[in-house]
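Protein chains: 2
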Amino acid sequence: MEPVLLNGEWTDSSATESFQASNPANGEALPAEFPVSPRAEIEQAIAAADAAFQVVRSWPGERFAAFLGAFADAIEARTDALVETANLETALPVSPRLRDGELPRTTNQLRQAAAAAREGTWAHATIDSAANVRSVLGPVGPVSVFGPNNFPFAFNSIAGGDFAAAVAAGNPVVAKGHSSHPGTTKLFAEAAHEAAQATDMPPGFVQLLYRTSHADGELLVAHPKIGASGYTGSRSAGLVLKKAADAAGKPIYLELSSINPVFILPGTLEERAAAVVDEFVGSCLMGTGQFCTNPGLVVLPAGPSGDEFVAAVKAKFEEAPAGTLLGEGVRRSFLAGVKTIREAGAELVTGGDSADATRVACQNTILKTTAAKFVADPETLQTEAFGNGTLFVLAENVDEMVAVAEALEGNLTGCLYSDTGGLDDDAYDRVAPAVRQQVGRLLNDKMPTGVAVTAAMNHGGPFPATGHPGFTAVGVPASLVRFGMLQCYDNVRPHRLPPLLQDANPGGLAWRLVDGNWTKDDVPA
Amino acid sequence: MEPVLLNGEWTDSSATESFQASNPANGEALPAEFPVSPRAEIEQAIAAADAAFQVVRSWPGERFAAFLGAFADAIEARTDALVETANLETALPVSPRLRDGELPRTTNQLRQAAAAAREGTWAHATIDSAANVRSVLGPVGPVSVFGPNNFPFAFNSIAGGDFAAAVAAGNPVVAKGHSSHPGTTKLFAEAAHEAAQATDMPPGFVQLLYRTSHADGELLVAHPKIGASGYTGSRSAGLVLKKAADAAGKPIYLELSSINPVFILPGTLEERAAAVVDEFVGSCLMGTGQFCTNPGLVVLPAGPSGDEFVAAVKAKFEEAPAGTLLGEGVRRSFLAGVKTIREAGAELVTGGDSADATRVACQNTILKTTAAKFVADPETLQTEAFGNGTLFVLAENVDEMVAVAEALEGNLTGCLYSDTGGLDDDAYDRVAPAVRQQVGRLLNDKMPTGVAVTAAMNHGGPFPATGHPGFTAVGVPASLVRFGMLQCYDNVRPHRLPPLLQDANPGGLAWRLVDGNWTKDDVPA
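Chains as they are written, first to last, in my numbering: chain B, 1 to 525; chain W, 1 to 525.
Errors might be hidden in some of the hints.
No copy is singled out in the list; a pair is fine if it fits within one copy or between any two copies.
[Claimed, not checked] Cut-off 30 angstroms, straight-line C-alpha distance, at most; resulting in silico cross-link-like pairs (DSBU-like, lysine-lysine):
#1 LYS368 with LYS225
#2 LYS314 with LYS339
#3 LYS316 with LYS373
#4 LYS243 with LYS225
#5 LYS446 with LYS316
#6 LYS373 with LYS225
#7 LYS316 with LYS339
If you are wondering where the hints come from, they were derived from the structure by calculation, not from laboratory data.
The following block holds chain B by itself, in its conformation from the complex (with noise of 0.2 angstroms):
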């Protein structure tokens, strides 16, 4: 059986149980064999975490900017096994997904996180210099990450964006990586170790558990030493994690689900629906369509132009070659998906069913329904089919548009496509609003699947696309906050403030807010 990373050390575990990952190519089990960590070794990571943090909570930026870019550096030396063991596990292609996207957007993450340390102006430090209270976010404690099995690089729970943040952020992580594809986790978690030790970390910094029970996975973000936890994956399992840690006052910042509607104004219709089936097709079934941001949902007038459009992406979908799913998993969580959606009365347009039976893989599927059924049944009707699918709805006019935007739960995103000439400018003014209040990221005339690593995104949005609508998981320097508390210092003695908040802004580097203003500069004698 693998080790597991604990306290600095690779340590045979005590685990009485294991599992395997397989291959979603072929369906074949994988040989290794990876510990599901009792009870006891969780406790363990937790003290040994806490004791890491003990050690590094007073650190500078510069210290965990050392790491998260060793780290980066480490990954890069790896690129081949990473790519090879993850395509194994995954069966997402080596290139260009693997290899040249999602590897470098990690290091990518890792590299952006280590400069925000190292500026500092991610922890918002505050001076008033006529009172002499000063506050900054300081790291909340241990984190752990928990990761989603759909981007075994770019969401890793040792590797990902939540692990970034939360190390740059000052703390160290307990990870708990997804099961789907532990020998990529094990790559990862070599490459972090190997970094720790070349950068002075403390033993517990970082650590990796493959598994846990359901129970002992709400006993890691419900504990007493956790500061703060980071789930991505499925609605059921966090919002099990959530309810405990809501019960024990820890944060958990989520990433629960999402549907992504998409909604087509009459004119892009006239203006523009050739280009449009082409970005629809190409975002709904990039990655067999298992991205957060996938759109599952599109809204589009009712009529001859909007069947055309149906009609267009039905024969993409029929042409496209299925994609291979993520796992068995994923494939049964998809087709209920399906099944539920029909028995709330949308009709099948194309695909449905399973793909192939010597890979795990689902046909292209169109499902359709109008905009009066939607509003009767909405909460039925706007459950994820996570994979290569979507909904169409089919709305008679605007009011109907806007009556499907007011029903939706809160997403990831929310596209709204209109013709350039202003045709739609009242039915956008009508729409938009009612969109916007529901998603987190609101785009024009153009796809949700890209995430830009920016500091203005936010890959957040209302619950239940999220656990709290004011934080974004990715985007550097936004997401750090998530790890940190604020720590007010009244009338502390200068010396003992921590450097960001003395009146020498160390290197200038950190924009502070002064006074109300924003500034490098020290603080004035």
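Once you've looked at the hints, dock chain W against the given chain B.
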């Protein structure tokens, strides 16, 4: 029965139950009868707030600023009535407390919030010009505010800090008053209604219900049309609301409890014991100990200097008059807390009983115990006894002080007193990090009861002091952030962006994070 403020009208309540406030100075019921609003009335209020939100959600900050400013003026015009009514309902002294302290603080908060709404920096506008991704904190939706008993003005549900912050962030408010001072709350609501009419706010923008059943309070914070809630009050009631809001995925910002530990390091007593005695007595008995930041736990060296300190405080506590408490509930729960702490092994030094048969009052109370006993049963020994009492914990050495600090629950504040010559520096460096992680605001050489309304203030802290360690309930602009949702605009056409995200910075008022730099400039063409 008094009417409720519903959808812009003073409306007869459909209540079948009512309640009266009582005067703590003589225990007598006050004549006015106030309704316990039934569920249908709460639903009406929420529907009206939602309708108001549809109108105001695209308004610029200036509109909310105008209302807040007019409201502050309208409050000042009612000063005499407010002060007189609040004195009758709470027994808090007219002067200096109500007239010269809390009322100006309240109008100052409203005016600071108005200035923040007008300026817009609070919304953290972030623009990445190359990617054309832009984000801002937009209004989260109608906010329900539950005010506490202990600040009838500054934390009033319809005039206090949460109200001001929610409105400045652009949200309608459904206020749920505290049952101990409904007459005071009514006067504020009259002023708010007048200001709302004078500044053309929609009818459901500001509403007041005096009381609801517990179940209906849960309905309110979990309602789909409610964006977020603010609550200040008892831990038990707050946790019930938290559970309901959490399950619905609705943010709720809670201020629940805090015993505000004070650590007096040994050199301090050698250097200036008498001065610290005076500071402590003043802080602990201020407002009859009914401040959220009242110092309820003092850790100091065992031995002659600690004993002398306790004796000196005892003398002053016995000499000082026992203030009138806010109400019978406070008296009961204070005495229950004292009983719990004594049963856990603490010794009564003075006080510990009711003070007076004709009014609601308890004796100024001191309990004491040892650090060893505290650490053996920390949960019981940090029971909050809200009122004019404190628990002294005598520590044999610095190790024991550290152990006490590590056993603390989350608190709003933590104070460390140390000598000015450097003798206590080693002790400080050991005790302070442990205190730091458990409190929102760390003070040096100063008691915690003054909470300056300043940008860097943190009136917050880890659970169970609050529900989330990242936010403050006091201080502008930071307190507004709680009532925003992160709204990102990706590739949105320029004229459709909210003014704060357009290339031209409206009025050049708001600081914005443009391409990584905080600036008030326009985005360069």
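Now the hints, each set against the structure:
Proximity of LYS368 and LYS225 under a CA criterion of 30 angstroms is satisfied inter-copy only: 29 angstroms between copies versus 49 angstroms inside one chain copy. When the C-alpha separation of LYS314 and LYS339 is checked against a cutoff of 30 angstroms, the pair qualifies only within one copy, where the shortest distance is 19 angstroms, while the shortest distance between copies is 74 angstroms. Only within a single protomer do LYS316 and LYS373 lie at most 30 angstroms apart by alpha-carbon distance; the minimum there is 26 angstroms, versus 74 angstroms between protomers. Proximity of LYS243 to LYS225 under the C-alpha cut-off of 30 angstroms is found in both arrangements, the shortest distances being 18 angstroms within a copy and 22 angstroms between copies.
Within a single copy, LYS446 and LYS316 get their C-alpha atoms as close as 19 angstroms, which meets the 30 angstroms cut-off; across copies the closest is 71 angstroms, which misses it. For the identical chains of this complex, LYS373 and LYS225 are inter-copy neighbours only, at 22 angstroms across copies versus 49 angstroms inside a copy, given an alpha-carbon limit of 30 angstroms. In the homo-oligomer, the alpha carbons of LYS316 and LYS339 lie at most 30 angstroms apart inside one protomer (22 angstroms), although the nearest pairing across protomers, at 75 angstroms, exceeds that limit.
Against the hints set out earlier in the document, no violation occurs for any number.
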